[in-house]
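Take each chain as given, in its own frame, and dock them per the hints.
Sequences listed follow chains A and B, in order. Under my numbering, the first residue of the first sequence carries the number 1, and numbering increases by one thereafter. Under my numbering, the first residue of the second sequence carries the number 1001, and numbering increases by one thereafter.
Please keep in mind that the hints were generated in silico from the structure rather than gathered at the bench. Hints are supplied without guarantee of correctness; some may be wrong.
Which residues of chain B face chain A? A partial, calculated answer using Cβ under 7 Å [as the list claims (entries may be wrong)]:
no., residue
1, Q1032
2, I1040
3, N1206
4, A1208
5, Y1240
Just so you know, even glycine gets a beta-carbon here, dropped at the ideal spot from N, CA and C.
The chain contents come next:
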Amino acid sequence: MSTNDKGFSRRKFLGGSAVALTAGTLGMPFVRTARAQAATFKAGVITSLSGDNILGGNLTKRGYDLWADAINAKGGVEVGGDRFKVDMSYGDDQSNPATGADAAERLIVQNEVDVLFGPYTSGSTIAVQPICQKYQVPMISGSAESPNVWKAKPEFNFGIIPSVDTTSGMSLAVLAKLSNPAAKTIAVIGVNEPFSKETGEGFRDGVKAAGLEMVAYELVPPEGDLTPVISKIAALNPDVIAVGGHEEPLINVVKTCKSLNYRPKALIMHYGVTNPAFAQALGADADGTTGVAVWLPTVPYKDDLFGTAKEFAEMAQKKSGQEPDYTEAGCAASGLVLGDALKRLGKKPALKPEDRVALKDAIAETDIHTFYGPIKFEKEGPHYHDNTQPVPVLIQIQGGKTIAVGPKEAAAAPFIYPLPAWK
Amino acid sequence: MPSRPCGLAAVKISAFPFSSRRTVAALDLFLQTLLNGLLIGGVIATFTIAFQLTFGVLHVIDFAVGGWVVLGGYLGYFMAAGLGVDGFLAIPVAFVLFGILGYLIGPILYNVRNSRTARPELMALALTFGLFTLLRGGMLTFWGFNTHSVPTALSGESFTVGPVTVPLIRVAAAVFAIAIAGGLFLFLYRTRYGLAIRATAENRHNAALMGVNIRRLSANVYGLYAGITAMAGVLMGSIYSVNPEVGLRYTLFAFFVAVLAGLGSVGGALVAALMLGVIEAFVSTYVGSSYSLLAIFTTLFLVLLISPKGILRRGL
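Chain B extracted, bound-state conformation (with noise of 0.2 Å):
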């Protein structure tokens, strides 16, 4: 026997005496929609939360945010399948081995930036365009092509809520999305190296006046950011599928969340995220799937021509 689908109501018809059947299937879908797009949009702010960080205090647009979300969709993989752990197990695993990766990274990428050369912020979008396409081809070459998925225990996994199915996985990934912002919200304005950042951010010469090592801090920057998008990755290989080609997807929805968020926004990137999950599964839902595309285009053309700096106004 099929198990009950998600759609008709475990409401007692008799409790709405003045509605129909097909009134109360209406409006379970309408619930279940909603829920499934706050849920995309946390999964979408997973991996675009950090994304904001690395523009707001180095000012470069990293195209190689993909190559990390793959990479930590990979270790997770890994260490089910090689050591016969819960895919969870790899989530500060990432966090330390890509946030040293990153580290080491991050000097490069200040140096770039920081460059004498004509145009510097298109040199540093140029080398993380050529860090992305290095980890794509690496991972292509050492580890093949074949699609591979992270095994957690919250796989498949879901409990009902009256009409609704809620997927675990998703929740897990939207719990950590929050978790995410709310931690960085502690760190950037609770802390003295989350000020630190902040002036940075907001003028680095006067910050480099102040005492702040600057390209110290680009480093830790960028380690962080890394880390955190590769924790990421091991929720979505949870929840799609991992292989090296599927890292541009993610790059793009970064780039549509940094968009509508407005650039160097972390808070605007929760934000924009639940935005374009919801606007997804309602297009999705009520007007046909290949129109979603469409949809999300529209309304980052339309928050470009009415707010350049994002729906919160607060982009950079």
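Chain A on its own, in the form it takes in the complex (with noise of 0.2 Å):
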């Protein structure tokens, strides 16, 4: 037995240690029961806060976070006259479907949360689906956008960003009208993985009606280089090349096309764009870049929580320093629909299994109008309980900024067509 000169004993330490873990080990349930008696509603939130996803993730929590600080600062959500908080918990999916499964499982399980607000990907948000129709708690994505999520007609999730296959093929269509002298070919390349992908096809599946012609379809593994690709489809020379993924790969594009001095009249991309991580990452090379939105500060919609689209993006901005982007609106609208849908059920927290069942069915009849805008949910269709409501728009990063240019009775400065030469 080691001692030291104040007699100190290492039979002493590591028994006062076990003494101190078992205390705290017994301890646990009291204040988990303490936390519990109080009334409020549990929300769960899963999404990437590690992972290649990362970003994207923290983009959802900030907008979910963002709802959950305005509705509690009001006293949280009114039932019956009474408001009650929402208590909002974390699991991270590690930008890894199954992981987010589990973490699903654990909110619900362990957390005994409410309702989940759902992954910041569409390949995590498919694998949650499930967990939710087991639990039989409803679940409201803020940010999935894939086809597939919807093709499963799954009955607990709910989503509010129209599905890409409606917004890129459209936004292809009124690219290709603004531009002048008109388009005529397209690349398109989508990166492999879920949402991306799908991203991809979307804008593939646009290409007719847009009167374009496809030279290339090209699909790129996440973290391959880019030179080869680009350098193809420039021997190609197309009008209009169109990419479906997410930022970083979005800003590999840009920079790989100009290391090979390279650039069609056209770039137009689907997520990340908006991000206003994209242009401070690319700086003036960003300049030129289309992309589609569903929402953005200027739209002329409002209510009650956050006021005007302009007001949200203003408060968001005063948050987290960075203008909001679509998702990061979506996720704080998916507050919005919760909170209707605990007014209509007219329950009381704390819910029982039951009242999550009939939650779920609150929610499939909503129909509001919000600072993102209409929100209501398919009932049938390839889009079951998708959003399909707002319209997208094109925007262009011009001067920095994220401005819209399409379609002509949405825009706020023209469209640039074709781009310069790079600087």
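In structure tokens form, the structure reads like this:
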């Protein structure tokens, strides 16, 4: 037995540690019980707080938190004349769908959440859906855009953002109409991962309706070097390049094009362009890039909690230092759907399992107008439980800012086409 | 007007009276693809050459190689954003700063690798995995999740040689890789300390008996490796982008190169990186990008079957 000059004993230290650990473990249920006694609605957020999709995951968390903070500042969700605060718990899918499913199950079983706020990625959303079905807990997804999410006809999942197959093809038609001289050819690149691949397919499927001829369709691995693909496409010299991907590959597409001194007449991407980090990472090279958005701070919508879209954007920017994009806005709008459904349900916390099923039915009947726009979920068809109400807007980065350029009735500035040579 | 794309020949058609326009275009694409492949290989080589050194001397497969790359990228970004300087100025700073950090971590790695626990090589791998996780988590916590870029004078610049467009930043990366390989060769084969390193790599016990301080040498080698890898990270941040999550792919490619080159073979790493780059470029261009990883893994599999010591048969 080792001792120091003051008589410290290793045996005493180990014994004391064991007692402290045991006391802490036995005391945990009392902490949990004390917490559970507050009358709150419990919401669980599943999103990518680490891994490749950490940037988008944190955008969704910011959106959900914006709603929770705003509603709790007012005293909570109103039910039957009383107000009940919302208690948020978080699960990290680590950018992995299987991990997301495990995290969702933990939130439902251990944290006993009444509702889930869905993941950033469509892959994780699809993985969590069966968990919601198993435990009969509704989920509101502020971010998922892949059409595959809704093809499965999830009974317990509801999506705020229209799926990408409805928006990407429409955006090509708008671009083709705005282009002068008229764009004739297009190459489509899709990053081979959920959502990105579907976005590429959405662009591909919209080519004919837009009156364009597709000269190439490439699926690239997320971690691959883009130089060979861009060189190959440059040799075909299409008027337009359309890219489906998340932020990092979109940034790499622009950098690779510039490094090869190649610039198409138009470069259209889907999600990621509206994220301020895209323009910040590329600087002046981001200018001219076109994107698709279903919400902008300039849209003429409003609600009682957030005010106008502009007011929401200012509030969000004040909190995070960045202007919110449509994903962050969609996640905040998810909370508005939950608040409205709880109010109509009329049940006070703590919700029982049958109340959560009734909550699901109440969410399905949502028909509200928010700062995000109208929200109403499809009740049948390939976009079952998806909100297909918002109209996509073509945006373009001009002078570092995201500007609406089409359709004409929504445009705040002219569409720059063709793009000038790299400076 | 869009800038002139690479791919169409600048050579006059009349110089090749029997060639069609399509043949010339195909040749242009072939040459561009070959150049792309060699430059991709050069980029991969920047962060894999020094990685081989750690295995050769410390007998440790360092899982944290991707972490050092990303740290170098972040240094480049912060220096450019904070001081308004060209990102290249971060390269020597990265070498010194992360060289010192690596020198301080080296003895810990040495102790674990030479401990009397069961399977010390696996314990050392676990330690480096823990180090990678710590670096990644630390970057996320302190620097956030946004993607950044390292601006340099060469970013986006290029020149044309006949029908091919040559990106300057990638040429810089290839030159860096060759310079590092050459420098390491001279250091290892023309200096007494290099002799000590080679002796340690060959037989540490005999090297110790000959008076080599193995512990201090291991620390120096790890510091050298961390410094070189962080320098490569500055270049990666300029060519691609940097955020805490991209480190894993660099670690994976370092492993790919190590398998192809043979563990511990510095010269083999350069050849293997070039080989992987050319495979990726040609498969992406002529078969499809979605098959490039399949081609890489197939190559690794075949090399392991035919020549487990690597393509130059110099692995340990």
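Verification of the hints:
1. Q1032: holds (5 Å)
2. I1040: Holds, because the Cβ-Cβ distance from B:I1040 to chain A comes to roughly 5 Å (cut-off 7 Å).
3. N1206: violated (38 Å)
4. A1208: violated (32 Å)
5. Y1240: The hint holds - B:Y1240 has a Cβ within 7 Å of chain A, the shortest such distance being about 6 Å.
Comparing the model with each earlier hint shows violations of hints 3, 4; every other hint is respected.
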